[in-house]
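Enquirer: Here is how the chains run, residue by residue.
Protein chains: 2
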Amino acid sequence: MSEQTVANTRAQMDRLQLEVSELKGQKGVEDITVGDYLLARLDQLQVTNMFGLPGDFNLGFLDLVEDHPNIHWVGNCNELNASYAADGYARVKPGSMGVLLTTFGVGELSAVNGIAGSYAEMVPILHIVGAPSTSQQLSKPLLHHTLGDARYEAYARAYEQFTCCQKYLMNKETAAAEIDHLLTEILVKARPGYMTLPTNLVFEKISSERLRTPLSGLPPPNDPEVEAHVIEEIVAKVKAANGGVAVLVDACAVRHDVVAELKELIEKTHLPVYSTPMGKTVIPENYDRYGGIYIGSISRPEIREKLEAASLVLSIGGLRSDYNSGNFTYNFPVSHTIELHSDHTKIAYAQYPAIGMKQLIPKLTAKLEAFAAAQQAIAVPKFDAVFPKEDTEIISQAWFWPTMSEFFKPHDVIIAETGTASFGITNVPFPPESIFIAQIFWGSIGYSVGSTLGAALAARDRKLGRTILFVGDGSLQLTVQELSTMLRMELKPIVFVLNNNGYTIERWLHGKERKYNDIFPWAWADLLKVLGDKEEKRSTSYTVNNKKELSALLADETFLRADKMQLVEVMMDQFDAPVTLVNQAELSGKTNAYTPK
Amino acid sequence: MSEQTVANTRAQMDRLQLEVSELKGQKGVEDITVGDYLLARLDQLQVTNMFGLPGDFNLGFLDLVEDHPNIHWVGNCNELNASYAADGYARVKPGSMGVLLTTFGVGELSAVNGIAGSYAEMVPILHIVGAPSTSQQLSKPLLHHTLGDARYEAYARAYEQFTCCQKYLMNKETAAAEIDHLLTEILVKARPGYMTLPTNLVFEKISSERLRTPLSGLPPPNDPEVEAHVIEEIVAKVKAANGGVAVLVDACAVRHDVVAELKELIEKTHLPVYSTPMGKTVIPENYDRYGGIYIGSISRPEIREKLEAASLVLSIGGLRSDYNSGNFTYNFPVSHTIELHSDHTKIAYAQYPAIGMKQLIPKLTAKLEAFAAAQQAIAVPKFDAVFPKEDTEIISQAWFWPTMSEFFKPHDVIIAETGTASFGITNVPFPPESIFIAQIFWGSIGYSVGSTLGAALAARDRKLGRTILFVGDGSLQLTVQELSTMLRMELKPIVFVLNNNGYTIERWLHGKERKYNDIFPWAWADLLKVLGDKEEKRSTSYTVNNKKELSALLADETFLRADKMQLVEVMMDQFDAPVTLVNQAELSGKTNAYTPK
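These protein sequences, in sequence, are chains A and B.
Per our numbering, numbering of the first sequence is gapless, rising by one per residue and ending at 1260.
Per our numbering, numbering of the second sequence is gapless, rising by one per residue and ending at 1260.
Everything labelled a hint here was simulated from the structure, so no lab data went into it.
Please note: incorrect hints may appear among the correct ones.
Same chains, same label: a pair holds when it works inside one copy or across any pair of copies.
Unchecked claim - DSSO-like cross-link-like pairs, simulated, lysine-lysine; straight-line CA separation at most 27 Å:
hint	residue 1	residue 2
1	K803	K1045
2	K902	K1197
3	K1178	K1227
4	K1030	K931
5	K1072	K1126
6	K803	K835
7	K900	K1155
8	K1155	K931
9	K1227	K1126
10	K1155	K1192
11	K868	K1253
12	K687	K1072
13	K1026	K690
14	K1227	K868
15	K1227	K1192
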């Protein structure tokens, strides 16, 4: 059996084992508290940091967290930021998850947008809500943090919209199994799950027996008969394409972790490979069969030409949202497309439910190796940084992003806020082994700041390189306080603040000169001093006004050492935007009706 | 007919008029856009400021807002803060409402906690969500800000839990009537309402005919027969009490605006009157028949004694939540209690649905005047500021709040954050005509900062006095960026930052010395400079380390002029808490189970 098959078989056996013990009602010695059981499971899943805020109803559980040897309580400035941090953490730790702890009502409801974003973008998050005791949940007194009309379940009703699974712990007998179900669902579906943990259950004693059987996020096995048919169909299509196959890698290749499987496929078959914005960095961007970023009609012309000329497109984990597809302008026919997804497969018009790519890809690789020579004949455009011809010292978007591309190093974790940053950065190459984080689909501004905190903590765990954030001044105002938590945790991210006086992405969508797109200018270079590093022991801040100053900074040894947190305020023009954003906005404008008829 | 009866009759007639026009399907000349119709209605309701952030899907409507002569777009730093601001604004403008504008998904979901708080605490808020066009809402493309599974309705489903009424505008024919229904519900129920406004409907033309008929928040009339019976019963009870009646004023007296009616009742009947924490300032605290704040077993002893000795308690707009009632320790029998509410009345054990206090109180006043002499005989404790006997220069909670009490002036708007501030401030008297704002029921920390922005704008409208905020350092970190919006709007609040190194309220609830209750210390006195007032043109900041420094500042003429925004960092001990908070925490601790058995 292959290594993968062994892992799969083991995961299936473990699940059956846990089910059997549950059905038998096995009790065992009551040797662990419910709270510690939960922490032990998270520890097994390599969770090292928990995000959130203290609040009435979660303080008892927090004692256990604070005393846990391997799990560290971060303690954020607010709950929305904490949920973003949990998301960023999960993205840098495949196989693990982000964990958010809030209090009932006020705490959890501040995090709804963050959790909904993780749902949309498919990031595994456990949201634990410290809840009133089980007896209070039944008698429903008029406690603070309630709505006043005894609807204690209202918050959970809201969260059902944004989580893939919910468990409301109400008794110790079922607590362990409910925790295990919830964590497994989160891992398999790569979506947030929600749990209420009543104050009195935290210290109830239960058996630790189940902990001996590990949890796994591996998807359930494909039906072998259907799978064999699917492989046969795909092979026939590839054969018919006669070397004209192109692979398009998208979001779910990362979200449902087929990165290793995919790399093997690509390397053994020599298939030309392209990426969508959300699939960026799955395939190393210096790989010689990699052609760059495809975004429909707003792609670089040579990329668009090559991909759209393919006889067959093999789409891996596709997520065709407006901003990820050049506003739905893909130009290749469904009849010539094969789509592999986490939980289904599509060949032209035929759908195959429950045939998932995690197990399918290695089997395909074995079959498609035979076509490597034919594929190798197809040329792939070279994806490199293109510098503009400009005779200005102003830091333009066109110049800034290629410059950054050269500044990046392998193993960097690079985060871009939705806006000029996410649109500008997409079209420049990243070094191998770097990680790219952006919310290209959900697009909640401010996300990147919380996310950077979580990503930097995960990067520290994994001993990766620098964590580098690009965020506009408008977006940074939404979630600014979380920079303070980075200082407190002694993290050393490099934060580029693109100071262009407001919401430039909105200006391009509508209201270019409107006041509602302006913001109040802050003294960015003094910010970290106020947020807790008065004497600049843990950070240094810079302002760069022109290309010369930025270039000098990027060559500066102290700066390059990155042994402190660093904030770089980059002065830019408020109407300057990357060409991809300008094109996207123009396409969006056609569907939005912002002006009178 | 009395003035009140005329107003009521007029309101009922207007509602019928609008219903008739709707049933007849009257169209009229299409002379106004849907967007401008909505703004015209808000203008009629004295709305002068709109809170929120720009985002794709609300930019077209924002053009109309920016161009409106009477409604000003505030433009907040984030949506949660904006929702808090709308709440604070509404609390200072009875009869009007707070208005929040966000974008679809990402924007609206960041504000859920704020809106839920307004729901719980009964504050009228209109939440307008800029939504995708009606055709997109039907075809459900994979747009940014959606969940990826075509559930465009998911956000509305969540908001149904926290709003009293929802309207999803989908065609111009019904738009005006739906807007009118929604605004009326918000006013009558004093709760938030929710509306989606698709991009393409904003500029659709409709008739302005309905605008001629004003909207009203007056509740529907009481059934005269039942009402007469209720009055008779109450009068009999009051007579039997023989002068031993006490009035207890609570939250809903403000929320459902019976302040004027209540003052008349009190003055004409000489009834002794007490207030709960949430009813504070409804009755001027210097009024000679006013006895102070009743909080069950944690009241000042003389207040508790007097109120609990009454033969009959007349409770006005009661909201007996844990923090508003000394953890449910009221000590007077239901059999000797009459409860007046906005939409029902309770006499001992008997409930009378749909008999509301707005119309009932004036009729009661007329009947109860006869008992004034007997009531006058009952003595009322004097409610004054009590200074502690201390020989320390440290600024103690016990000394700070009476000191502040003497600093307050008539017409001040005073906001206290949940925690040491809200608990400490309750037990000191406020001057007449001052307004008190705190979230004693919902208790979301950080609320007070956004709320101060809204309150200060409303106070400017109404030409009230100073706006004064008390917020702890822990809470301020959650929502700090909104101080910047105050600077931008050239508001002049006085912000007292109680620097006691973290979440002191939590320390008293549980985990006194735990790290999770610590925060990272910020340079508070430099904060406003960073948030946009680098040269301190619009603000001044101070730090006071001891009683002497604070006393000197409070006597300083420049400070007292309050012609700039002022931030005062007050250094306090991290374990010091007002006695009311200590007592409340002890009572809460008995019901929470935070430690192992």
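Enquirer: Treating 27 Å as the Cα threshold, decide for K803 and K1045: within, between, both or neither.
Expert: neither (64 Å within a copy, 37 Å between copies)
Enquirer: Is the C-alpha distance from K1227 to K868 at most 27 Å within one copy, between copies, in both cases, or in neither?
Expert: neither (44 Å within a copy, 58 Å between copies)
Enquirer: Treating 27 Å as the Cα threshold, decide for K868 and K1253: within, between, both or neither.
Expert: The answer is between: 21 Å across copies meets 27 Å, while 60 Å in one copy does not.
Enquirer: At most 27 Å between C-alpha atoms: does K900 with K1155 qualify within a copy, between copies, both, or neither?
Expert: neither (49 Å within a copy, 71 Å between copies)
Enquirer: Tell me, please, which holds for K1227 and K1192 at an alpha-carbon limit of 27 Å: within, between, both or neither?
Expert: both (13 Å within a copy, 24 Å between copies)
Enquirer: Given identical chains, is K1155 near K931, meaning Cα to Cα at most 27 Å, within a copy, between copies, both, or neither?
Expert: Answer is neither: 38 Å inside a copy and 68 Å across each miss the 27 Å cutoff.
Enquirer: Taking 27 Å as the upper bound on the Cα-Cα distance, should K1178 and K1227 be classified as within, between, both, or neither?
Expert: between (37 Å within a copy, 24 Å between copies)
Enquirer: With identical chains, the pair K1030 and K931 could be close in the same copy or across copies; at 27 Å between alpha carbons, which is it: within, between, both, or neither?
Expert: within (10 Å within a copy, 94 Å between copies)
Enquirer: Check K687 against K1072 for me: Cα-Cα at most 27 Å, and say if that holds within a copy, between copies, both or neither.
Expert: neither (54 Å within a copy, 70 Å between copies)
Enquirer: Cα distance capped at 27 Å. Does K1155 pair with K1192 within a copy, between copies, both, or neither?
Expert: both (15 Å within a copy, 25 Å between copies)
Enquirer: From the Cα coordinates, with 27 Å as the cut-off, is the pair K1072 and K1126 best called within, between, both, or neither?
Expert: Answer is within; shortest intra-copy Cα gap is 14 Å, inter-copy 58 Å.
Enquirer: One pair to classify: K902 and K1197, alpha carbons no more than 27 Å apart. Within, between, both, or neither?
Expert: Cα proximity of K902 and K1197: none, with 65 Å in one copy and 68 Å across.
Hint compliance for this structure: hints 1, 2, 7, 8, 12, 13 and 14 are not met, and every other hint is.
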